[in-house]
Amino acid sequence: QLDSPSIMEKSMPEREKWTSWADFIMSCIGYAIGLGNVWRFPYLCYQNGGGAFFIPYIVALVFCGAPLFILETSWGQLLSVGGLGMFKICPIFKGVGIAAVVMAFWLNIYYIVVLSWALCYLWASLRVDENVPWRNCNNTWNTGQCRSEYEKIPCDSNKTILKFFNAKTLTADHLLEYKKQFFVGAKANWSVCTAAQLNVTSPVKEFWNFEVLGISKGIDHPDGLRWDLAFFLFVAWIICYLCIFKGVKWTGKVVYFTASFPYIMLFCLLIRGLTLPGASLGLEFYLKPDFSKVFSSKVWVDAVTQVFFSYGLGLGALVALGSYNKFHNNVYKQALTVCFVNSGTSVFAGFVIFSFIGFMATQQEKSVEEVAQAGPGLLFLAYPSGILQLPYTQVWSCLFFSMVLFLGIDSQFCTMEGFFTAIIDEFPSLIRAKKYGREVFIGIICIISYFIGLSTVTRGGFYVFQLFDFYAASGWALLWLLFFECIAISWSVGINRWYDHMHSMIGYYPSSWWKFCWVFATPAVCMGVMLFGLVKYQPLRIDAYNYDYPFWGHVFGWFLSLSSMLCIPGYAIYIWAVTPGTFSEKYEKLFCPNIEIEKSSKSLDDDGDELERMEQV
1 QLDSPSIMEK
11 SMPEREKWTS
21 WADFIMSCIG
31 YAIGLGNVWR
41 FPYLCYQNGG
51 GAFFIPYIVA
61 LVFCGAPLFI
71 LETSWGQLLS
81 VGGLGMFKIC
91 PIFKGVGIAA
101 VVMAFWLNIY
111 YIVVLSWALC
121 YLWASLRVDE
131 NVPWRNCNNT
141 WNTGQCRSEY
151 EKIPCDSNKT
161 ILKFFNAKTL
171 TADHLLEYKK
181 QFFVGAKANW
191 SVCTAAQLNV
201 TSPVKEFWNF
211 EVLGISKGID
221 HPDGLRWDLA
231 FFLFVAWIIC
241 YLCIFKGVKW
251 TGKVVYFTAS
261 FPYIMLFCLL
271 IRGLTLPGAS
281 LGLEFYLKPD
291 FSKVFSSKVW
301 VDAVTQVFFS
311 YGLGLGALVA
321 LGSYNKFHNN
331 VYKQALTVCF
341 VNSGTSVFAG
351 FVIFSFIGFM
361 ATQQEKSVEE
371 VAQAGPGLLF
381 LAYPSGILQL
391 PYTQVWSCLF
401 FSMVLFLGID
411 SQFCTMEGFF
421 TAIIDEFPSL
431 IRAKKYGREV
441 FIGIICIISY
451 FIGLSTVTRG
461 GFYVFQLFDF
471 YAASGWALLW
481 LLFFECIAIS
491 WSVGINRWYD
501 HMHSMIGYYP
511 SSWWKFCWVF
521 ATPAVCMGVM
531 LFGLVKYQPL
541 RIDAYNYDYP
551 FWGHVFGWFL
561 SLSSMLCIPG
571 YAIYIWAVTP
581 GTFSEKYEKL
591 FCPNIEIEKS
601 SKSLDDDGDE
611 LERMEQV
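Residue 1 is where the sequence shown starts when you use the UniProt record's numbering, and the numbers rise one by one after that.
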C-alpha cells in the first residue's frame with residue numbers, strides 16, 4: 001500500500017476549488033475551443049468529402065474524444081491533483097504524467113507565437129490613416145512584383161508566339177520548362193501575358209512574409225530577431241501570466257470573458273458573411289457530401305487526429321481543471337456538455353469561414369480550392385484578403401484578430417495551468433506552502449519559456465514553429481501518450497474499480513458504453529492511428545515556400561517527440577528497478593495499489609479545528 005497522509009498538514013494552504021460548477025464548464029470550453037476549431041476543422045471538412053466528413057468525425061468523437069474527455073476530467077476530480085499526482089492510483093504509469101508535462105512545456109513555448117502574430121495584425125489594424133497595411137503595394141516591404149489579388153492585370157494583345165507540337169498554349173513563365181521541346185513552324189496572334197505580368201505576389205502575402213515574419217531562406221538562416229514580434233510575444237506572455245497567477249478563483253472569472261467573446265465575434269462575422277456575394281458557393285463546398293471519400297483511410301485518420309487536437313487531450317490540462325472540482329460534482333454530465341459545445345463550435349466556425357472563402361473566390365475569380373487554406377495561412381492570408389472587400393475594413397479586421405487572440409489566450413493559459421498544477425501538486429511544500437510561491441514559480445517558468453520561444457520569432461522562426469507543431473505536441477507522441485493513459489485506467493486500475501470511483505463521485509454508474517471504449521475501442525484506435533501515421537510518415541516539408549528541412553532539423557524534431565514518448569517506458573523501468581520486494585509485491589504496489597482518496601467529509605480534532613480527512617477507496 002502506498003502511504004498517504006490521513007490528515008492534511010495544517011501548515012499546508014488548502015487547495016483551491018472552483019467557486020461554482022459554471023467556472024469549470026467555462027474553463028473547459030475556453031480551453032478546448034481554440035484555433036483548431038477555426039483554422040483546421042472547416043478545411044478538413046471541405047478536403048475530406050464535405051458533409052460526409054461529419055460521419056468519421058462523429059464516430060471518432062463517440063469512440064475516442066468524449067471517452068477520453070470524461071476520463072481526464074473525472075480522474076482529476078477523483079484525486080484532486082494534477083497530471084503527475086494522478087498516477088498515484090497506478091504508479092507504474094507515472095511516466096505518462098511526466099510525458100504530458102514535457103509535451104505541455106513544448107506546446108506552451110510555440111502555441112503562444114500565434115498570439116504574437118494576432119497582436120501584430122491587431123496593432124496594424126489600428127493605423128490612423130483608416131487603411132490596413134496589406135491593402136496596397138506602397139509600403140517599404142513591398143516588392144516590384146506586388147499586385148492586389150483583386151486588381152485586373154492587363155495582358156498584351158496581338159503578340160506573335162509559337163505553338164508547341166501538341167498545340168497547347170502555355171503561359172510565358174512556363175516556357176523555360178519546355179525549352180528543349182520540339183516546335184512547329186506555325187505562328188499565331190493571341191493575347192498573351194508576359195512573365196513579369198504573371199509572376200506577381202499579393203500585398204497580403206508580402207505583408208505576412210516580409211513585414212510580419214521577415215522570413216529567411218530556411219531554418220539554418222535565423223538572421224536575427226524580429227523585434228516587433230519579440231515585443232508582442234512578451235505582451236502575450238504577460239497577458240497569460242496575469243490570467244492564472246492568482247489561482248483558479250481568479251482564472252474562473254477571467255475565462256467568462258475570454259471564452260464568450262469569440263462566440264460574439266463568430267456570430268457577427270457569420271451574419272456579415274452570409275450577406276456577401278458568393279457565400280453560398282463557399283458553403284456548398286463546405287457541406288456538399290462526397291460519400292466516396294468516407295472509404296479512404298486518410299479521412300478517418302484526419303477525423304481522429306482532429307478530435308484529439310481540438311479537445312486538448314493528453315496534456316494534463318483537463319486533469320488540472322477537473323482537480324479543482326468538489327468531490328461530488330457531476331463531472332460526467334458537464335464533460336458531455338463541453339464535448340457537445342466544442343464540436344458544435346467547430347461546425348459553426350465552418351459556416352463563418354467558408355461564407356467568406358466563397359466571397360473571396362467570387363471576387364478574385366478563382367475556385368474555392370485555390371482560396372481555401374489550412375493552418376496559419378487561413379488566418380493570416382486568406383481571411384485578411386477577404387476583409388479588404390468589406391466596408392469599414394479596419395473595424396472588421398480588429399474584430400477578427402481580437403477573436404483569434406481570445407481563442408488562443410484561454411487555450412494557452414489553461415494549458416499553462418495544467419503544466420503548473422502538475423508540478424505544484426507534486427512539490428507542494430516547495431511552492432504552495434511558500435508565500436507568493438505560486439506567483440514566483442509561474443513567473444520564472446514564463447520567463448524561461450519566453451527566451452526559448454524567441455527562436456520562433458527570428459527571421460527563420462517560422463520554420464522552427466512548424467517543426468514544433470509537427471513533432472512536439474501532436475501526432476505520434478500524443479497518440480502514444482493517450483494509449484497508455486487508457487491502459488492505466490482500464491487494465492491497471494481496473495474498469496470495474498474505476499466505475500465504483502465514478503459512482504462515489506456522481507451517485508450513479510455511467511453508461512456501459514464508456515467501459516467498452518476505455519477498455520477496447522479508444523486504446524485500439526490510438527495505437528492503430530499512431531502505427532498508420534508511422535508507416536505513412538513523410539518528413540516535414542513547407543509547400544508554401546517549397547522548403548525541405550535539413551537532416552539535422554528532422555533530428556531535432558524527433559528529439560522533441562521522443563523527449564516525451566520515452567518518459568513512459570523509461571519511468572516504468574526505473575520505478576520497477578528501485579521498488580523493493582518480490583515480483584508479486586512489486587506488481588501490487590505499482591499496478592493496483594490501495595490508495596486513500598480525499599473526500600469532502602470533514603471532522604474536528606481535539607481542539608475543535610476542522611480538518612480534511614482521507615478515506616480509503
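For the record, the hints were derived by calculation from the structure and aren't laboratory data.
Incorrect hints may have been included.
Claimed, not checked - Pairs of lysine-lysine residues, derived as DSS-like cross-links and limited to a Cα-Cα distance of at most 27 Å, are as follows: (1) Lys288 / Lys298; (2) Lys88 / Lys536; (3) Lys17 / Lys586; (4) Lys298 / Lys246; (5) Lys333 / Lys253; (6) Lys246 / Lys17.
A quick note: this is a predicted structure, and the numbers were derived from the prediction, not measured.
Structure-based check of all given hints:
Pair hint Lys288 plus Lys298 holds up; C-alpha atoms about 19 Å apart against a cutoff of 27 Å. Between Lys88 and Lys536, the direct Cα distance comes to roughly 36 Å. Violation of the 27 Å bound is thereby established for this hinted pair. Restraint check for Lys17 and Lys586: not satisfied, since their Cα atoms lie roughly 35 Å apart, outside the 27 Å limit. Our distance criterion of 27 Å between C-alpha atoms is broken by Lys298 and Lys246, whose separation comes to about 44 Å.
A C-alpha spacing of about 22 Å is found between Lys333 and Lys253, which places the hinted pair at or below 27 Å, so the restraint holds. For the given pair, Lys246 sits about 13 Å from Lys17 by alpha-carbon distance, which is consistent with the 27 Å threshold.
Taken one by one, the earlier hints fail for this structure at numbers 2, 3, 4, listed in ascending order.
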